[in-house]
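Keeping their order, the protein sequence lines are chains A and B.
Taking this note's numbering, the leading residue of the first sequence gets 1410, the next gets one more, and so forth.
Taking this note's numbering, the leading residue of the second sequence gets 3, the next gets one more, and so forth.
Read the hints as simulated data drawn from the structure, not as lab findings.
Treat the hints with caution; some may be incorrect.
Partial list, derived from the structure: chain A residues whose beta carbon lies under 10 Å from chain B [what the hints assert, rightly or not]:
| hint | residue |
| --- | --- |
| 1 | 1433 |
| 2 | 1442 |
| 3 | 1444 |
| 4 | 1566 |
| 5 | 1583 |
| 6 | 1678 |
Subject to a maximum C-alpha distance of 30 Å in a straight line, what follows is the list of computed DSSO-like cross-link-like pairs (lysine-lysine) [as the list claims (entries may be wrong)]:
| hint | chain 1 | residue 1 | chain 2 | residue 2 |
| --- | --- | --- | --- | --- |
| 7 | B | 224 | B | 504 |
| 8 | B | 99 | B | 30 |
| 9 | A | 1453 | B | 122 |
| 10 | B | 201 | A | 1453 |
| 11 | A | 1453 | B | 128 |
| 12 | B | 503 | B | 30 |
| 13 | B | 261 | A | 1453 |
| 14 | A | 1453 | B | 123 |
| 15 | B | 99 | A | 1453 |
| 16 | A | 1453 | B | 30 |
| 17 | A | 1453 | B | 406 |
Beta carbons: idealized from backbone N, C-alpha and C, even for Gly.
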Amino acid sequence: MLLVLLVVVVLNFLMLHLAPGDIADTIAQTMGGADEQDMAELRKQYGLDQPFFIQLFNYVVRVALLDFGHSHFYNLPVFDLIMERFPATLLLVFSAQILSLFVGILLGVYAAQNPNGLSSLFVNMFSLFGYAAPVFWTGILLLIAFSLHIPIFPVSGMRDITIESGNFFVHFFDVLRHLFLPMITLASIFFAYYSRLCRASMLEVLGADFVRTAKAKGLSKKDVLLKHALKNSLSPVITFAGLSFSAVVSGAILVETVYSWPGLGTLAFNSIISRDTPVLLGILIFSTLMVTVGNLLTDLTLKALDPRIKI
Amino acid sequence: MNKHFLKTLLLTATLIFTSLGVCFAEPKKGGTLIAAVGNSPRHLNPAVQSGIVTGFPGAQLFATPIRYDNNWEPQPYLAESWEISDGGKTVRLNLVKDAVFHDGVPIKSSDVKFSLETIKKNHPFKTMFAPVVSVETPDEHTAILKLSSPHPALMLAMSSQLMAIIPEHVYGDGQDPKTHPQNSENVVGSGPFKLVEFKSGEHIILERFDDFFIDGRPYLDKMVLKIIKDPATRTIGLENGEIDFYAFENVARNIVRLKKNDNLTVTPDGYAAIGPIDWLAFNTKTGKTADVNVRRAIAYAIDRNFILKAIMLGVADEARTGIHPGSPFYEPNVEPYNLDIDKANKILDDAGYKKGSDGMRFGLTVDFGWPGLKPNAEYTKAALKKIGIDVTVRASADFPTWAKTVSNHNFDLTWDTVFNWGDPVIGVHRTYQTSNIKKGVIWSNTQQYSNPKVDAIMEKAGVENDMDKRKALYSELQKMLANDLPVYWTNTLPYHTIYSKKVGNPPMGIWATSSPMDMTYIKD
Chain A
1410 MLLVLLVVVV
1420 LNFLMLHLAP
1430 GDIADTIAQT
1440 MGGADEQDMA
1450 ELRKQYGLDQ
1460 PFFIQLFNYV
1470 VRVALLDFGH
1480 SHFYNLPVFD
1490 LIMERFPATL
1500 LLVFSAQILS
1510 LFVGILLGVY
1520 AAQNPNGLSS
1530 LFVNMFSLFG
1540 YAAPVFWTGI
1550 LLLIAFSLHI
1560 PIFPVSGMRD
1570 ITIESGNFFV
1580 HFFDVLRHLF
1590 LPMITLASIF
1600 FAYYSRLCRA
1610 SMLEVLGADF
1620 VRTAKAKGLS
1630 KKDVLLKHAL
1640 KNSLSPVITF
1650 AGLSFSAVVS
1660 GAILVETVYS
1670 WPGLGTLAFN
1680 SIISRDTPVL
1690 LGILIFSTLM
1700 VTVGNLLTDL
1710 TLKALDPRIK
1720 I
Chain B
3 MNKHFLKTLL
13 LTATLIFTSL
23 GVCFAEPKKG
33 GTLIAAVGNS
43 PRHLNPAVQS
53 GIVTGFPGAQ
63 LFATPIRYDN
73 NWEPQPYLAE
83 SWEISDGGKT
93 VRLNLVKDAV
103 FHDGVPIKSS
113 DVKFSLETIK
123 KNHPFKTMFA
133 PVVSVETPDE
143 HTAILKLSSP
153 HPALMLAMSS
163 QLMAIIPEHV
173 YGDGQDPKTH
183 PQNSENVVGS
193 GPFKLVEFKS
203 GEHIILERFD
213 DFFIDGRPYL
223 DKMVLKIIKD
233 PATRTIGLEN
243 GEIDFYAFEN
253 VARNIVRLKK
263 NDNLTVTPDG
273 YAAIGPIDWL
283 AFNTKTGKTA
293 DVNVRRAIAY
303 AIDRNFILKA
313 IMLGVADEAR
323 TGIHPGSPFY
333 EPNVEPYNLD
343 IDKANKILDD
353 AGYKKGSDGM
363 RFGLTVDFGW
373 PGLKPNAEYT
383 KAALKKIGID
393 VTVRASADFP
403 TWAKTVSNHN
413 FDLTWDTVFN
423 WGDPVIGVHR
433 TYQTSNIKKG
443 VIWSNTQQYS
453 NPKVDAIMEK
463 AGVENDMDKR
473 KALYSELQKM
483 LANDLPVYWT
493 NTLPYHTIYS
503 KKVGNPPMGI
513 WATSSPMDMT
523 YIKD
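Next comes chain B alone, as it looks inside the complex (with noise of 0.2 Å):
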């Protein structure tokens, strides 16, 4: 028994009793949270409209058929249990019987069915529900989802704001959905929040539902989102408790100010399902970067410890592929291409790009896909010219500036922002398929990579229900994609919450604030 002995025992002990008190912290009902959104959504809709902006408020309006804990196991919500069988071709959703909207009809397995079919047809990320060719609906709080092909990304499809259970009678009036009127007001939800008010730009309000049909919840009386665009007033916000609450702050030097406040907590956890990666892509196609030599010879010169440490200050996570590292199917034992300048000239030398006079071998331009991303930019060029690259960085206006150049495969390099979206066949397989090489769509393999053995592990990957066996391949794709190189993946985008020390119970699960917020509670 000695001294270290009895200090371990303490704090060992002191961790049980404070984590006990966390477990047995009751939660309290009412109050008001105030959060902090950076953008205006265009409208409250997630069944048609997908995105962060939308997912916030949309996650609170309407419930979704399951949920997600933190271990990326689903849990029951507006279906209170499910059987899956045919070999993953019959999905059996039992909805909760007492569930309501906010108008007070009841929800039934028609509005499931109805919200399903609205969301194939009109949501962007097509490959969520693509294998699903029926719904039957044999009671009321039954829907059975039939499928052409096995689907295991249809679990998290039916998850967060990518499944909202919208009411057919509202919305199955023959209007667009996308332009519905009742997207932006009066809208009628299945969530533990009802809409008070929306003036867009502005703030958005946001009201306990006393029907939800989880009893009990959700705690809170109010949420209020203050639609705030500039990051230093948000800041600031945070800072002197005018702010409670804000999600999805990713620049660098804010989180690190924010860090040192007492009164606030900050997070990076509860964003491995929408898994948002920066990375360097590579025109596969056209120029010197067709040739993979160019490819990983510029991956050598890059440092990502120095994107770490000096742009991101410390704030993001190393990412090693295409995969978020949150994500269960990560493979980090792939080639990570540390910085290594002799053996990325070495590459080049050995590949015929000699040096000229002037110490270049050739030139290479490179954009950025929004300003934040700026700094790889010019660190880039800074970088590249010590292998005998010359950079030339090309600044986009904005956004759809630069969505032109790259989508229409008029670039050399461009660093970009891109996020996985829960599944890899949702949002990670769009960057690598040779079926998705489009010109003037963005963020569809604007690489014009193809590789007929990667497309055949996706393929296979897709459509495989053994976890295992779907690790195994997808471990396979980023290894071969690690090979060919046509995007180099560097880091996480670092997005953090921040909240006030009063708020209990902040959304810490896999989908961030685009999961129901019913749990969350103002402390005395």
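Next up, chain A with everything else stripped away, as it sits in the complex (with noise of 0.2 Å):
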């Protein structure tokens, strides 16, 4: 994992530095220019001014020392913006996960019931529409419907701020309010992906000795479903769900960047747009981590569905 992640952190800073262009002149468009004096300082404060080899490893240092540096164009530690923003990316990223994982098999377990059925092909339609959407242009439809025809929920940020008191309860679904939206959009990426792969996974589930052996025994229907198919054919979708964690982490900074929910996704937008390289690179290797965590709750719940499995 030490190695993964050196890895990340040399190729992910190369890359980087061989844009053209840096945080300087980034500086200089936000102040309306800046004279070569202020460009060589900012260069120098940056030191940018280095040669390309010493930037690498004294940044390598750094990270060793869990030091993640200070954001160019913030003036903060990179650590204390990441960890400002991690909560509610968190909470982005897990509920459109869970509510994709919960509607995509539901939907998955709809279908494979009557595979060449209305249901079904309303469910492949679903599916399709969920494939072909870019993710900015459903988030902007939702806008349109549910915050200007339908204004039950609010445009953009994370809570109200105008909010100064009211107990637990009132922040509680506030915060819940304005995350149905986001969650939906980037659960809506994912519902696809789910619903397919569980309706295939199923088919084939339900036409094996185990499950004709249930039904002979007299099993009800649902018990058939629920406990004998739907339990095994869960493992192709909650190692898809794994490994598209990282499409998920990728996904929020779209859907964040349109409802301007303040987590990781809106500051990694910054960080590119202004090349604040030390905020990205923090960024992508705490992305990183969060994928490989995934990845390893991935393989914890399947071992939990199948005892076979080894870790």
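Could you use the hints to bring the two separately framed chains together as a complex?
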């Protein structure tokens, strides 16, 4: 794992430094221009006047000491910035992942019972829409529908900052109201994947001998579906959910930008635009950790579902 | 007496009563203004950070010596009066006596001196205070600025966000003011609002400063600035009433859409001093565009009206020169380069650029500084094909990539948006001065244009105190530049302010939201 992290750090550092231009250009942009002296000072201040390998070495050493550096743009410690944004992203990503798994599996099971029927066709169409629709477009459509024409959800942010007082539940429901549309938007991509996968897996399992045996033993349809077929068809879905965790994290960048959700996604977007390399590198390292932990959780879940699996 | 006369009489009477109603409408105290901003500022200290993003909160947090009205006339603010003497080389500021910073410490002339020196050393606009050699403080409420030469741009430089008065007892603690921790947290300002919370990328919350030096102001209790990057989300927020106010909207289709909303007012007023202009810049040193004939032919082949109507959807104004049409120095009587394909072809033929068998004369590249200018670049390709110039559109990944290309002079043509920043000395000279050809520095004279006569006029206009003489000099300058054409100016960037009809007195002066909103209020 440490080797993976080292490779990630070096490769990301290399790729970010291959792009022309730097933070001094971005700061000049935000200031409406800067003269030669200012630009040179900025580059010196951020160590950009050093040879590439010195910069790389210094960075790797700092990361090894758990110092992710200072944001060039915000002038704040990168670790603090990430920690400030992490809870919002965690809430969005996990709620979207759980929702998409739940709805995806539900739709997959439903469609698999009558693979050639109308319900299956509907699930297929729904899945195709999920595949095809860009997430930012889905987000804007949902905003137009449920913030403009039927104004029940807010357009941006994670909470209503004009609410100053109120008990825990006031704030809880406020966050929930803000979370709803971003969560649905992010989950929409994965409804499609999970429902298709679950449907295919269920169809395969429903034709297996042990299901036929269960039916022959006189078990109810519900028991056959939920206790035998579903449990055995979940492995590919869970495996895929683990593998797609990185896609959920990257999808969060777009969703957070559309809804101004104050998470790592908007921070990453701002850092890309402003060439805030330390923050971007910090987020990439953090994302690597998140994906690694996500994969570990997947393995543990698979083990719980099927004790034959060894980790 | 006929029907027409009666109608006119009725209309006049209605207008008079309406105007009186507006004039006598009593601003209401209290309320919260929810505003949207498109980007997160790096920090909130405009003394060491320029740009409109810091300007909005910065002008609310920090007062300046003077402010400007809609007619480009300086008005008292932190300085209740001023005197200019010694041929413009001495400026005496008489400060308001009971002004205090947000921590209760009195604002003294030594803070003015400290602020000016900090700005001069750290602000990117070096020309603003370059001639100021010293600031004398004979007493706590008098600051005397001594200049090496007359500097008519000084008055504008002391307004808006450009000369924030910052507390010496906070920022004079030896730390670098550019990275001072109190640029973002526990900001001690001098303006009408004080900082409650700044969460980068999320929001800025400002609260009424009760001891503000203008009695009874500000009217608002609170301002919430929500940072919303996505233009579509901001538009929906304005439409559903979640956002009361948004300045600096420049997406033409959003402006057109929001104009149809009865609950909103959409206005282009208030951006004259910021002065954003879209233009096509030429590399005047290398390649085919070094020939003025090529530059003129290109200008004749590009239809400014097409850009105004088809790309800007009628919401931008024509700009014939590098000075914003809202500026008192704008000279519209220059060669307008109206569309004339025949003339463009003739200029190129006469200059010896003959068409080849494929109908093309030569190829050029066109870059663009930000995504909003991509349609202009694509239109340039189509327009110049008509005169036998094969244009390749080069899209840069982001601003730093484009800046690197253009500032290193590796371009033929590039679309860009550049701001005037009030006085031509601050935001206009930099584009044409020979001394400002600086490789690697964006928004310097990246065209590498050099004309000693133009340099001499700018030098003269920069120190001319007589307004009429100054206007004449800038008129001559604009005519010469239109002739040499280092840049082909097309239109103003269509900045618009959009606000709910419940908002009274939004900032409509020359500096838009880079001016204090102490007079803004929420109606009943």
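Hint by hint, here is what the structure shows:
1. 1433: holds, 8 Å
2. 1442: holds, 4 Å
3. 1444: holds, 6 Å
4. 1566: Holds. Min distance 6 Å.
5. 1583: The hint is violated - residue 1583 of chain A has no Cβ within 10 Å of chain B, the shortest such distance being about 14 Å.
6. 1678: Since the shortest Cβ distance to chain B is 7 Å, the answer is holds.
7. B:224 / B:504: holds, 15 Å
8. B:99 / B:30: Measuring from Cα to Cα gives roughly 27 Å; hence the hint holds.
9. A:1453 / B:122: holds, 20 Å
10. B:201 / A:1453: holds, 28 Å
11. A:1453 / B:128: holds, 20 Å
12. B:503 / B:30: holds, 14 Å
13. B:261 / A:1453: violated, 47 Å
14. A:1453 / B:123: holds, 17 Å
15. B:99 / A:1453: violated, 42 Å
16. A:1453 / B:30: violated, 51 Å
17. A:1453 / B:406: holds, 18 Å
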